[in-house]
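Chemist: Here is how the chains run, residue by residue.
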Amino acid sequence: MVTHLFKLIWNKKRTHTLLLVEIWASFMVLFGLMVLLIYNLGNYTEPLGFSYDNVWAVNLGNNEDTTGISSKVNRVLQRVKAYPEVESASRMSDNFPFSGYFNGMGVSYNNVTTQVERYVVDDQFAKTLAIPVAAGTWFRNADSIGTYQPLIINRKARERMFGSENPVGKVVSDYEGKKGIWRVIGVVDTFKGRGEFASDKPVMIELLRNSSVYDKTLIIRVKPGTNAQFEARLVHDVVALTNGWSVDVRYLTDSRASLHQQVVVPIVILSIVCGFLLINVALGLFGVLNLSITRRRSEIGLRRAIGATGSGVSTQFVGETWVLATFAILIGLLLAVQFPLLNVFDLQAGVYLTAMGVSVCIIYLIVTLCALFPSRQAALIQPAIALHEE
Amino acid sequence: MITNYIKIAWKVLMRHPVYTFITLFGISLTLTVLMVLTSFLDHLIGAHYPETKRDRSLYIERMNAYDSARSSMSSGQMSFRFLNKYTKSLRAPERVSIFSESISSNVYVGDHRIKIGIKFTDAAFWQVAEFNFLEGYPYNAQTIANGNRVAVITDGFKDQYFGRETASVLGKSIEIEGVQYRVIGVVRGSPASRSFTNADVYVPYTAPKSNYQSRDTRGNYTAILLAGNRDDLAALNAEFQVNISRVPLSEINAGFSVGILEVPSETYLNNYLNQITRGGGLTTAFYGAIAFIIFMLMGLPAINLVNLNLSRILERSSEIGVRKAFGAPVRTLLWQFIIENVFITFIGAAIALLFTALIIHAVNTSGWIAYADLAISAPVFLISVFITLLFGLLSGLLPAFRMSKLSIANALKA
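For the protein sequence lines, the chains are A and B, in the order given.
Okay, so the first sequence: first residue is 1 according to this note's numbering, each after it adds one.
Okay, so the second sequence: first residue is 1 according to this note's numbering, each after it adds one.
In case anyone wonders, no lab produced these hints; they're calculated from the structure.
Please read these numbers as outputs of a predicted model, since none were measured by experiment.
It is possible that part of the hints are untrue.
Said to hold, decoys possible - Which bits of chain A does chain B cover? Going by a derived footprint, with three or more residues having C-beta under 8 Å, they are:
(1) 129-141
(2) 218-229
(3) 275-282
Unchecked claim - Here are the simulated lysine-lysine pairs, DSS-like style, with alpha carbons at most 27 Å apart:
(4) A/13 with B/405
(5) B/324 with B/11
(6) A/156 with A/201
(7) A/127 with A/201
(8) B/115 with A/223
(9) A/127 with A/223
(10) A/12 with B/11
(11) B/7 with B/405
(12) A/201 with A/223
(13) A/81 with B/115
(14) A/72 with A/127
(15) B/115 with B/172
(16) B/53 with B/88
(17) A/72 with B/115
(18) B/7 with B/324
C-beta: ideal position from N, C-alpha, C; glycine also.
So here's chain A without its partners, still in its complex pose (with noise of 0.2 Å):
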């Protein structure tokens, strides 16, 4: 049965071999989408690692004024834990949790680089955020006064660089290989600065010195309920102790959804494409079954004259187009395989695999839903009609 279909198929293989094409791009298309949605539900479900909840990211600028920046910086910081309304305050780095912005680097440890993703921040940074530490201490001011910089690492950081061994205490150089720059004091869990959508990356976490000029931005824990005249209040004040720098407040929440939006909108564009094609698909199943159902009649006819039923005729159609799909699907298969194999993005296997589970059951689905009408109505043809126009 199955070979007799492989064989009616395959002579006519030049009528079906755009819906050979069709269904094998929208298989591609349709796996693409699959592998970004697996690949960023995985990561929503790692947890973040901090909390943002009534947390503000303050971003100073100096413009023109160039005298005695940092110490403006640490006035500002003093101030702002001054507030009533403030829980806690921290200064960090311009690439703030959900800000979007990446800095990263390498570091080494025992002649291995690993790259990484890089903050730096002062000691009430891991307060302000409610980030848990696993293993070691969180920085205390104290720390910076030192031979070796002290370091934080996270749980993915730490397996890349030290595998079994406890990182405590060890002293990492920078990718030049520059003997002995930090000494790792601490460890947490995840700290995934690039939203929930991001995967867990190896990251470290550098105190911030107070005599830095750059990294110019506060973030902020307000009391729950704070509203924007504090906030006025807050810039207004600000800018009277810096003389006219520029202060841009920002909320994480809103941050973290304009992140959220540039993960989505990809989504979405696929997601069209995807849906464009497989209505092609739909339509092209639609006419070449009606086509060759009408050319076909009296092989119908015959078929139930000598004793086929209805549904034996709706099943060969059917069937007909399950082969012409495991063709399509089967050659699709066949490229998709390649991203795990060659490892093209970094991904697991696991997340291939599901993709393309999913993606052959959805066009499995949709295949037979466009068969079933053409071929009900083949299965209704009369065989003394049929016969008699022959």
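With chain A's structure known, arrange chain B on it following the hints.
Modeler: Relative to the frame of chain A, chain B by itself:
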């Protein structure tokens, strides 16, 4: 005769409602996608409010510095001082405008805050961009020279800051980050997708925090060179590039020693494409991708519809046989089927037009793009009609040709 063909076509369509529905669905979906896409592209690259002079403007948005081996690169916008030095001396342009990107900030009214974008501009900005002033007037060179703290705001910002009811806001003041500005004009806002003119508040470049005196070559300023007419663009570009070739490379601060400096002055479309493709030879690839997408959007449905059309015509082989037997030439039959097909396509196009209007209305009112003004303008409509005709011919020609070639004996047999 044509009315007769159309009558027949209508009867044939009514005979199989399901397949007619599928055909019309395919046609109208495809045309809707194409019309919305055309309208969207027109919104992005066409010359619309307030950038109505795009076709005779050159945009200077990026300075690319390389070391002599082109192994390091630094790219970004420029400082006011740099642009001022190398564009204001040009003789070819009618006007030169230098302005900053839209810089985000917040203003506070009572207990809520408004997120805004501020643009620092020169006086020529108001001639290069044609804003519609609902109230008041723009600032001019004299206002800027006097150092007046004045601002032009958009109607949307006005409604948020002063409330909808306020009759006139001229002369009232707004406070942004501790600086007071006096409102001298209210304009209809520019869509968020037109980054050269979009902002909520426009102030003179001499205002505080504009960094116009910065000695760095990099900053956040852009320039537009406006030519008298389109034919002067080439000469304008040539004159500006001569100026750029005279820039002392030691002045450029890029973190490495600069050997090659490029400051392209381009038309809006090229500038836009280079933004997307990040320069380089990718523009061709981009056009290739567009061609492929158009093929996918038009080609696939057209070929699909060929099959549907074929089976519809196949059912009528006896009719064709009879007409041929009575002496109808191939040409007449061909015409009949093509007219039938174009007729169906136009029904589909009418449905598509309706859907397009609905989608465009939804996009415009959704607030997805602030001040979006997508429309089915005359060019968009004409392109759509052309596409429709092409589509009708594409999907109707092959089946019509095949059927009109059918031999009489075979046709009558069925």
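Chemist: What are the numbers of the hints the structure violates, in ascending order?
Modeler: Violated: hints 1, 10, 12.
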